[in-house]
Amino acid sequence: MGRCVVPTVVLVACLLLAGCGATSSGPAAPATTATEDPIGPSCEPNGTLSEHSLPDRPETLDRQAAVEFVADYEEATLWNENVGPEKESMGVSVTRSEVVRRTETGYVVHTEGQVSFEACANDRPSAAEKPTATTYFVNGSRLVRLADVDDPTWNPRGNGTVAERWSDRD
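So the sequence shown is residues 3 to 172, counted in the working numbering.
Simulated from the structure, these hints should not be mistaken for lab results.
Where is the CB? At the ideal position from N, CA and C, for every residue including glycine.
Treat the hints with care, since some could be wrong.
To be verified - Ranges of calculated distance between the beta carbons of each label pair, as one might list FRET restraints:
{"#": "1", "residue 1": "S55", "residue 2": "G160", "range": "18 to 24 Å"}
{"#": "2", "residue 1": "A129", "residue 2": "N82", "range": "34 to 40 Å"}
{"#": "3", "residue 1": "E53", "residue 2": "V164", "range": "17 to 23 Å"}
{"#": "4", "residue 1": "T107", "residue 2": "A129", "range": "39 to 45 Å"}
{"#": "5", "residue 1": "E106", "residue 2": "E166", "range": "41 to 47 Å"}
{"#": "6", "residue 1": "D58", "residue 2": "M92", "range": "33 to 39 Å"}
Generate the whole structure from the sequences, applying the supplied hints.
In structure tokens form, the structure reads like this:
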């Protein structure tokens, strides 16, 4: 039994060393493993979104014209306030527009809506939605806007910003 062990050990050693004697063309290439970015995919802003035109004031201003004009104006204003080169896609909707008060000289119109967008900031994609609540005063000579209101019946003439002035009357 002692004689059989030595030739077996020699045979195994020869087989193991045979692989070591092969020539190599250089160091072995390191193994590569695909890894995912732990933060997420990167992005590049496309900058293809552009501002929207503001609507023309209505020729005649009644309750219905005030509601429609203010809804269109708010939609364009929200778009223009939020558009930018980092935005990939964007949506603006005015879901509610109604006269909340009729004054001696015009209409107080309250709007509610939402802005949603996908953006690329700091090479990272992001998405957001934000609700909006804005009240306007509109008459034949001007349009006053008061954004982010708590009470839709507030008259924006005292605290709002003149968005359009068509004449010096009133």
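We went through each hint and held it up to the structure:
Between S55 and G160 the beta carbons are some 29 Å apart, a value that contradicts the proposed interval 18 to 24 Å. A C-beta distance of roughly 20 Å is found between A129 and N82, which places it outside the suggested range of 34 to 40 Å. The hinted range of 17 to 23 Å is satisfied by E53 and V164, whose Cβ atoms lie roughly 20 Å apart. Between T107 and A129 the CB atoms are about 42 Å apart, so this pair conforms to the stated range of 39 to 45 Å.
At about 20 Å, the CB distance of E106 to E166 disagrees with the hint of 41 to 47 Å. For the pair D58 and M92, the beta carbons lie near 23 Å from each other, so the given range of 33 to 39 Å is not met.
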